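Here the protein sequences line up with chains Y, L and Z, keeping their order. Counting with my numbering, you get residues 1 to 208 for the letters of the first sequence. Counting with my numbering, you get residues 1001 to 1197 for the letters of the second sequence. Counting with my numbering, you get residues 2001 to 2339 for the letters of the third sequence.
Bear in mind the hints are in silico, worked out from the structure with no lab data behind them. Among the hints, a few may not be true.
With a Cα cut of at most 20 Å, we get these calculated SDA-like pairs of lysine to any residue [stated by the list, open to error]:
id, chain 1, residue 1, chain 2, residue 2
1, Z, K2069, L, C1183
2, Z, K2174, Y, A182
3, Y, K61, Y, S101
4, Z, K2072, L, Q1189
5, Y, K41, L, Q1189
6, Y, K16, L, Q1087
Okay, the calculated beta carbon distance ranges per label pair [as the list claims (entries may be wrong)]:
id, chain 1, residue 1, chain 2, residue 2, range
7, Z, G2158, L, G1182, 49 to 57 Å
8, L, S1116, Z, F2124, 28 to 36 Å
9, Z, F2124, Y, P64, 21 to 29 Å
10, Z, F2124, Y, L75, 13 to 21 Å
11, Y, E127, Z, W2100, 50 to 58 Å
12, Y, V31, L, N1014, 48 to 56 Å
13, Y, N117, Z, L2292, 30 to 38 Å
Computed from a predicted structure; not experimentally measured. Cβ coordinates follow ideal geometry from the N, Cα and C atoms, glycine included.
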Amino acid sequence: MSNEVKTKEKVNMDPKYIAKLAVTLLVTCVVVAGLLGFVNKLTLPNITAANEKKTAEAIQKVLPELEGSPVAMELTEDMTAAASGAGATVTEAYEAQAGGSTIGYALKIVASGSQGNIEMMVGVDTEGAVSGVSIVKNSETSGIGSKVMTNQPTAKGVGVLDQFEGKTAADAPLNVGTNVDAISGATVSSKGVTTGVNAALAVAGVIG
Amino acid sequence: MNFGKQLKEGLITNNPVLVQVLGMCSTMAITTSIMNGLGMGVSVLIILTASNVVISAIRKIVPDKIRIAMFIVVIAGFVTCVDLLLQAFVPAIAESLGVFIPLIVVNCIILGRAESFSYKNGIAASFVDGICQGIGYTLVLLAMCFIRELLGAGTLAGFRIIPEQFPIGVLTLPVGGFLVLGCLIAAMQWALSRNKK
Amino acid sequence: MTDYKNLKLIATSNPHIRGSETTRSIMLDVIIAMLPALAFAIFNFGLRALTLTAVSVVGCIFWEWLYRKLMKKPQSIGDLSCVVTGMLLAFVCPVQMPYWMILIGDFFAIIVVKQLFGGIGKNFLNPALAGRAVLLASYAGTMTSWVDPAAGKAPIIGSMADVVTTATPLAVMKTGDFAALTGTYNVGNMFIGQIPGSLGEVSALALLIGGAYLIWRKVINWQTPVSYIATVAVLTFLFPKQGSGVEWMLYSVFGGGLFLGAFFMATDYATSPVTKKGQLIFGIGCGLFTVLIRYFGSYNEGVCYSIMVMNLLVALIDKYTKPTRFGVVKSDKKEAAAK
Chain Y
1 MSNEVKTKEK VNMDPKYIAK LAVTLLVTCV VVAGLLGFVN KLTLPNITAA NEKKTAEAIQ
61 KVLPELEGSP VAMELTEDMT AAASGAGATV TEAYEAQAGG STIGYALKIV ASGSQGNIEM
121 MVGVDTEGAV SGVSIVKNSE TSGIGSKVMT NQPTAKGVGV LDQFEGKTAA DAPLNVGTNV
181 DAISGATVSS KGVTTGVNAA LAVAGVIG
Chain L
1001 MNFGKQLKEG LITNNPVLVQ VLGMCSTMAI TTSIMNGLGM GVSVLIILTA SNVVISAIRK
1061 IVPDKIRIAM FIVVIAGFVT CVDLLLQAFV PAIAESLGVF IPLIVVNCII LGRAESFSYK
1121 NGIAASFVDG ICQGIGYTLV LLAMCFIREL LGAGTLAGFR IIPEQFPIGV LTLPVGGFLV
1181 LGCLIAAMQW ALSRNKK
Chain Z
2001 MTDYKNLKLI ATSNPHIRGS ETTRSIMLDV IIAMLPALAF AIFNFGLRAL TLTAVSVVGC
2061 IFWEWLYRKL MKKPQSIGDL SCVVTGMLLA FVCPVQMPYW MILIGDFFAI IVVKQLFGGI
2121 GKNFLNPALA GRAVLLASYA GTMTSWVDPA AGKAPIIGSM ADVVTTATPL AVMKTGDFAA
2181 LTGTYNVGNM FIGQIPGSLG EVSALALLIG GAYLIWRKVI NWQTPVSYIA TVAVLTFLFP
2241 KQGSGVEWML YSVFGGGLFL GAFFMATDYA TSPVTKKGQL IFGIGCGLFT VLIRYFGSYN
2301 EGVCYSIMVM NLLVALIDKY TKPTRFGVVK SDKKEAAAK
């Protein structure tokens, strides 16, 4: 500390001093990195288990017959193209199995709602019919769009998300007003979900 | 160092949020429920105390020129540890706090205390300072959470207090955060200036 | 009431008192100008329009009295400005909203937006509009359902379960079928106000009468309302989304809160420019934002937010429309503006 220069204008270019700085930083970084490595090793199994459980639970909601943990699929270019053709983005795809055979696919879709993106999980069975829709993340207006997100019943008395169950590619493109009912006042949010389901059907068509 | 004096500073006269106006980002963003506030407050308290102690311990061997870089490395190390531990053992809180745990690295409170206190004071005093400032931060978060969760969502720690149709939803939105924080800062300044007279 | 004991000569922001005019007499004129719209609201929506307005006014007076009392400041309810705020807030709310809800709006309008910033003349937003914005963000469901005046009146107290709600003309114009709208309400209905909407905004005719009274009494200048409405009219005429330009323009101008906003909100002294040139710019800005929000935003009505946005720009407008002092040559103008 004795050779430390307090004047700001002058930079001490003494090689020994520079080396000292570098070594101090290096040692600190190595120590911290070692510590982090240790903590990471300690927590990794727990974190992976928690994440897998979360995904499995989300998929369970849309494919209730799921057994064991779903297998993540690699997104092909065809799949992303099919989703963007329907106006949404597919971010993750899973193959769900029960009793050793494939029972359907779960697709994580991002579509735009009235206040930003709606992230949803859509299950499609091997017949190509929608088996369930669940909202993962959204920022829709509380009190209006949130009614769609929490699956409130439409004027016909069916949950706005439940109404997609059983729809197939033959019904596509699904449209609010023709074969999909919106929650009154929340047309834009309802349309967002519908776009997402259309995209999921398109992606499932590419897979199957 | 006088523990009582430091505690009073941390809680009132030099409160990190209401007087130093540090750490606004997290204060505004996560104070929508008591559990969030508690999780965030305790995380900051632990990181602040640990980094204060370590920085105080190494202050004699750290060259002045690279002290900020050293601080950041130490702080980032602790933050990542806490982040991983939260994810592993309390995933619910880790998820609702999201990116704001990693962002503690650049939380001004921690760097501010490192630069203005622990770099100049002994280990014991820095330890106490970390705890006092951490408690000050946590209490303000809890006060904001209490107001925003009770009036904005009608619940406290998840239990419904006010029936669902009444709560003033705007308080849980970002604008509500600004409003509540502004009122708290104003109330604090008013109380301090009254005290001086 | 004036506190004569502590009377000091203080330079304050506007409104400045001059001649026989007082804040109280000006506010009284504004209240008188609002009466036709209130009368029409009672005719259109039933007596609940009156009770809701009364609750809102009492709420505003109470909050102002309470704040001044707690802060040990001289009472200011006598200047009637809180009565105007209370009426305006009720005017921009749907008639079937619960009474407790409007009291929360009153709280934000009076205490948060007006009193915390120093009381009358120091608020940076129109209090009534800020109160509405808070209510809209908090209770979006209630604040966007509208009683159909043709299908019955809202009861003064009790459940609103039997009330028939419907979409406002602007909502239909945003997402629905314009041709069906023109079939339900003709231009005459739109002008007179036999349409669903906020309590005091529906009747362009009643608001026009009130606005003309205010201009005749020299309470407001014609610049802001005229430039505001004209901007909306020109833009909607040039860029109709459905139907013909003229028809689309008329429905855009008469449907929604444009007249209420133009005559009563955008002309608020504390939150509008001082110079006439500034008021023209202010009105044009309001009109521009209103059309932009109506066309591209997620809400179908943009009057409230457009006026609030322009409120925030008032200091800037005032700075650049400040008249040059007598004798200042042109080259000095830039310097003067920069100051």
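Hint check, failures only: 5, 6, 7, 9, 10, 12, 13
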